[in-house]
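Protein chains in written order, with this note's numbering: chain A, 1 to 284; chain B, 1001 to 1290.
Calculated from the structure, these hints are not laboratory results. Model, not experiment: these values are computed from the prediction. Ideal Cβ placement from N, Cα and C applies to all residues, glycine included. One thing to keep in mind: the hints can contain errors.
Unchecked claim - Partial chain A-side listing against chain B, Cβ under 7 angstroms, derived: (1) 5; (2) 16; (3) 19; (4) 110; (5) 111; (6) 141; (7) 143; (8) 162; (9) 215; (10) 256; (11) 259.
As the list claims (entries may be wrong) - What the simulated footprint calls covered on chain A by chain B, stretch by stretch (three residues with Cβ under 8 angstroms from a Cβ of chain B suffice, anywhere in the stretch; the number is not a length): (12) 120-134; (13) 270-281.
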Amino acid sequence: MLAPFMFNQYVIFIATAALVILISFTGMDSAFRWNFRGLLNFRKALNDPALGMVAVNTVVFTVCTMLIKMAWGFVIALTTTLYMRSQRAGVFFRMIWLLPRISPTVVEAMLWTWVFSSSEYGVLNSVMHLLYGWEPVPWLTQYPLLLNILLAGIMGSSFTMVVLSSAIQSINKSYFYVAKVDGASEMAIIKDLVIPFLKWPLTFLVIWQGLSMLTSYETILLLTDGGPMYRSETWALHAFHKAFSTLDFGYGSAISVLLLPVIAVVVVFSYRMFGFNKLMGGGK
Amino acid sequence: MSSLMMQRNEHKSLRNRALRLRQGVPNVVSLVVMSVGSVPLLLMYVWMVVVSFGDGGLVPRHFTFQNWSFLWSGLSGVGRANLNIWRLLANSLAIAVGEAVLQVGGALFAGYVISRGRFPGRKVLLQSTLLTHAFPAITGLIAAFYILNAVGLINTLAGVILLKGFGGMPMATWIIKGFFDDVPRELEWASKIDSGSRLKTFFHVFLPLVWPGVMAISLFAFLSGWGEYVMISVFIFDDRVNTISVIVRNLYSDEAARGFGVVMAVSTFYMIPCLILYFFAQKSLLKMKI
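So here's chain B without its partners, still in its complex pose (with noise of 0.2 angstroms):
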């Protein structure tokens, strides 16, 4: 009899282990599917650190950092004279930061007006961003080049900056606008009573409250500005006003028969500032859909 209790005990103990191992499954196989898809992603950049500490080859025998030395003497390439790597991370930064500032300050401002404001042809302005987020880049550029020319502003940096933060402003002001939206109205009505200005309204009241949205537009701008390449590499012919992306670009075709090293530590100095944001900012970099 107790023997026959055990054995029934036994079975359900059994059958709950097989039930719970059955749950376990999809766990299990999701871990294991996104460590052999993720493992190769990781690693490239891991690896494209630990190649440019190296003395060439996969796999390093010497730690040396002889890849780095374009930091203090400068890049020497072929056919190419010598390049500052300062003045590069200078123009690279000069047109993040602009784009950044432009678009983030246009933004902002149509975004909120937009949004609190009333009036005529607001729902036109709104839509028109639908039109210019769906317009092919390869469409513009070839126009921006047209207009740049015409203006003089071909071969600066501050052409690309005002293309690049004007060619982000729709999408920016958008997302921005829902921010905005998201403010309760009474917090506004508090403020005015208050006799608060328009003004004052908008850095005591809404500014704190959509500071999340400035914060995630800013960003992306940033990294947008700090990526560009195309428009460098088109519209920018003088070496002294070029970024580090054109150089990095120029490195990988002439590095593929030297061992990859030096153009591995240019890129992993060019990723530093990209990094810094990706370990402070995830919380923005998650919630941008754009």
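If we strip away everything but chain A, and leave its shape as in the complex, we get (with noise of 0.2 angstroms):
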């Protein structure tokens, strides 16, 4: 019965990691052969004009996703669960905000290179041309790394609109009785008593999505594809890109490889300070 599942940890994880590892020291391309090089690929790294920019990208997309993600899913939970008094209107806002968890990622990059387009066709576009006579700006390749963020940010807000939604509605409801009668303001309920409580799905939230945008690459990929000129290009794609467009596998594999340790390093950590269970969110 546990077969498949051991198969997949002991057997097929285990090969990926090997093989992906060996790889980044061949100059593997289409053709598959082993030949081995040494450390030549991580010393083309270092000379690679591109990887600064995209060391830098992948920072600034890492951090400003986050944010928007954090700050915007809060947002979304608070007003929600706490604020609205109909509960109608609070699980139909969620209900909006859950659109984007069920999209697939093709149609949500669809949707914003509609709104963004260069074309006259594109929403913001014809927006603006009907209302201050605009000519059509080409938003995608002027700004292609913020409206990445923005792509990321907004549509990823949903995860942790539902972690804190839960979070909040877990709370013990005379808290917050007793905080009104003592006469604390909203801004003081929320500083000490809402976030104090959602500390652990913070922290959670913060470790998960941290690790999963700074090795995400398919919004940009869809949206931007990286360009133009590697000005929204992340360690990721760039890692996708010379393996599956230059097909150069060995090198593509070494930028992914030089991942690793960054990741090693945050679940180590994380592991040590929270353990196990914590980490994995607790089962359901």
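Using the hints, put the two chains back together into the complex; each one sits in its own frame.
Quick look at the structure:
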């Protein structure tokens, strides 16, 4: 009964990790030949002219996307579970923000492309033309990184919302009554009551969303494909491009392997700090 | 005297009203903030459907099925042969269902054994889910390409199904294990005393109790397979085994100059299963914390 799972954990996973590390020491291309060349790929990475910008993009993308996800997700959770008198309204707004969670990434990127399209059919361009008579602006080539951050941040805030809403709902209501009777201001209630209760869910979200943003590339691949001129290329996307556009599997692997130490540090550190059960979100 | 009383009462009621108003402020502010923030998102999805039935342009003047003609006459695009949407649909469906069956099957039994069994290496096996969960997708993708090529599953749906099915299995197992942990021991014992075999106990006692968990992981496996784009774009080169996601991607780069009508129609078509699940499985959707 355990066979498929054990096969995955002990055979597929270990084979995958071992393979990609081995490939990173080779000059493998689409012919799949194992021509080992030592550390050449890693030395090449040091001299890759794009990699500096890519690193900066990755940090900016990860930090800004995280901020949007956390802040907006928190606002949705707080307003819809705590402040709205009508429960129906709260559920309605949470429903709307579940939409990005069920939509395929391709559809999200398509909608974003449509809104910011450089053509006259783009939503923003049509509206601006209608209101102010603007000529079409190529938004996606002018602000590639910003629009990628908005796409990943806004569409990705559903996850924060789901986790935080259920955390707020599990706070005992009587705390709020007591705080109100004692005359606590709304700000004080958020700062001294809600946030302390959400300390763990927030930490959990920061760890996992941080890791997933650091290694994410799908939305960027679909929206701007890293361009123009690497201006929205992130680390993982760079590895993807090197491996699957130029078919330099060796170099692509090397770049993607360089992500592993960062992830290992975060995982080991949080494992030590919080333990396995909490780190995995306590099961259900 | 009485006028003084009245004045005082008036003052009191005024104060009460002010207090109530102040207490209502967070409610009103929340409603305003959420409306301003959410309406654009909702409009994007609604307008996707509207534009798909329109005759081009942001505000359609006529209702037309023209953009939907791909349903009966196939999709023809720039530099592409005429594509049969139903075949693409079947491929997308095969990946989604295949992934769900493989993943849920593997996870359900593994979750049961890990939750209820006592065997050496149980803890290590469970904790290995953390590693597989944190391992970056891009790093796995390159190795996956090599493995698929080596075993001859490149350019096949089966290859993608296997990768997706196994890829999500650790997290699904961990989640369903949590549901098994909640089943009271007494029930298990009772069933054993009633001479149920282990398998019978599993199907008659456990399965009904962990059913919400099964629904939740199946739902997410299905949605993840249905929406998959990267693996298909990388591992599949043959138009006959392509899926809707790849076609939507190709369409929206072509369509920018033509007004987005067709890509909106295909996307709406592509979203139908998601929307059905959205309306009928919200509880499961809100339960999923992955």
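The hints, checked one at a time:
1. 5: 3 angstroms, holds
2. 16: 4 angstroms, holds
3. 19: 4 angstroms, holds
4. 110: 5 angstroms, holds
5. 111: 5 angstroms, holds
6. 141: Given a least distance of 12 angstroms, the restraint on residue 141(A) is violated.
7. 143: 17 angstroms, violated
8. 162: 6 angstroms, holds
9. 215: 4 angstroms, holds
10. 256: 4 angstroms, holds
11. 259: Constraint on residue 259(A) satisfied, holds at 5 angstroms.
12. 120-134: It holds, with 5 qualifying residues against the three required.
13. 270-281: holds (count 5)
Hints 6 and 7, counting from the list given before, are not met by this structure.
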